[in-house]
Amino acid sequence: MDKFVIRGGRRLEGEVVISGAKNAAVAILPAVILSDEPCIIENVPSISDVNICLQILEEMGADVRSVGKDAYLIDPTSINKVCVPYEYARKMRASYYFLGALLGKFNKARVSMPGGCPLGDRPIDQHLKAFSALGAEYTLSQGMIDLKADKLRGSQIFFDVVTVGATMNAMLAAVKAEGLTIIENAAKEPHIVDLANFLNSMGANIMGAGTDVIKVRGVDKLYGTTYSVIPDQIEAGTFMVAIAATKGDAIVKNIIPKHLESITKKLEKIGVNIEQYDDSMRVWVDGPLVKANIKTAPHPGFPTDMQSQIATLLTLAEGTSIITENIWEQRFRYVDELRRMGADITVNGKIALIEGTGKLMGAPVKACDLRAGAALIIAGLAASGVTEIEDIFHIERGYDCMEGKLRAMGADIEKVSVPDKPNAKSENTKAAV
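Basically the working numbering = 1-based index in the sequence shown + 13.
What the hints contain is simulated information worked out from the structure, not anything from laboratory work.
Among the clues, some could well be false.
[Claimed, not checked] For each label pair, taking beta carbons as the anchor points, the in silico distance ranges come out as:
| id | residue 1 | residue 2 | range |
| --- | --- | --- | --- |
| 1 | PRO432 | ASN64 | 18 to 26 Å |
| 2 | PHE119 | SER241 | 26 to 34 Å |
| 3 | GLU197 | GLU331 | 15 to 23 Å |
| 4 | GLY192 | ASP49 | 33 to 41 Å |
| 5 | GLU150 | ASN306 | 43 to 51 Å |
| 6 | LYS121 | LYS266 | 27 to 35 Å |
| 7 | ASN339 | GLU191 | 23 to 31 Å |
| 8 | ASN306 | PRO432 | 53 to 61 Å |
| 9 | PRO432 | GLU191 | 54 to 62 Å |
| 10 | ARG420 | LYS278 | 48 to 56 Å |
| 11 | SER241 | GLN289 | 37 to 45 Å |
| 12 | ASN339 | SER397 | 47 to 55 Å |
For glycine and all other residues, C-beta sits at the position ideal for the given N, C-alpha and C.
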């Protein structure tokens, strides 16, 4: 079992280079299945979710090769299976993108129900609604989702709720469907635009990505391409908060500032100084941090994936802050761990009341999900004393060498291996919860 050991109290300085976006990469990699030729995907983050995607592609028969730093050549023409088995799918939520890609290419798919972070009820009913609208039939049996269609035909799809995953899956399934597909009440996140841009670079005809109406006109063939994944807005936001929490001064590089607007505005309100450049920004703190109220919302609102990180920062601010979580019902599971470090947070349903104490203390804690783990790292960096974080496999699902990047900025953080506790579940089992 691995854990992070952090000796807090050091300012983050220097610079950090942001990796490719997790949420884009885990959709773009399955999307390669739709191509009739090999593709090269660049700026791929080195994270466990990506590694699982690549393993699934190889298991299906694709030829996957590393062709440089953070770049892979993937030849999908040798794929001879349309099944994603349980042992892979249980480890990551994004395994459901193989449903849309396989259905779009082969008119059939068999994928185990996805795993990933335990954030409450995350049904795939809107995904199935989209597939059905395109002409597919589905069955759910013994934890497996089976899809099949004689032929996919363009259709009108209206989502009952704004859903990133279903929007992307609908695009994947529709790119080769006959005729026009109109996706209404679509999500607008940057990684949706990135997936559309990737598909279009292969010859797809997708219009409107980034708005709430996406139109997909089906094509007969998709071609090989070379494509670079966008920078990760959540990794960038996480490092911005970490710099602020340590009263640091550093440059965050390889970013798209437009994608960070909601995060930047809140940080500035809290008292963080931010100077933007073309593809980087300077973040520093030279005064007190102050309270703020935050409500998570679909893009372009404040992202739920940044909620726990900014909550940690607000424990160090003056005054009472209120956070309202409007996306995932169990996003506050990290609060108990922050309380162990001295945070004063009260949760009532989807609202958290944070009384800024101005200080945190090191303690042994556990990461309960990906973003909660990032929040605990931020807390450990800002805290006095030593913080030990267990279950860091959650963090490694979405952050590319986070400890190495932090060390380069002056943090005292190391990854250590310790014997597994007696009767403890294996890492893979825990990842599936």
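Verification of the supplied hints:
no. : hint                        : verdict
1   : PRO432 - ASN64: 18 to 26 Å  : holds, 24 Å
2   : PHE119 - SER241: 26 to 34 Å : holds, 27 Å
3   : GLU197 - GLU331: 15 to 23 Å : violated, 44 Å
4   : GLY192 - ASP49: 33 to 41 Å  : violated, 20 Å
5   : GLU150 - ASN306: 43 to 51 Å : holds, 46 Å
6   : LYS121 - LYS266: 27 to 35 Å : violated, 43 Å
7   : ASN339 - GLU191: 23 to 31 Å : violated, 38 Å
8   : ASN306 - PRO432: 53 to 61 Å : violated, 44 Å
9   : PRO432 - GLU191: 54 to 62 Å : holds, 57 Å
10  : ARG420 - LYS278: 48 to 56 Å : violated, 30 Å
11  : SER241 - GLN289: 37 to 45 Å : violated, 21 Å
12  : ASN339 - SER397: 47 to 55 Å : violated, 34 Å
Of the hints listed earlier, those the structure fails to meet are numbers 3, 4, 6, 7, 8, 10, 11, 12, in rising order.
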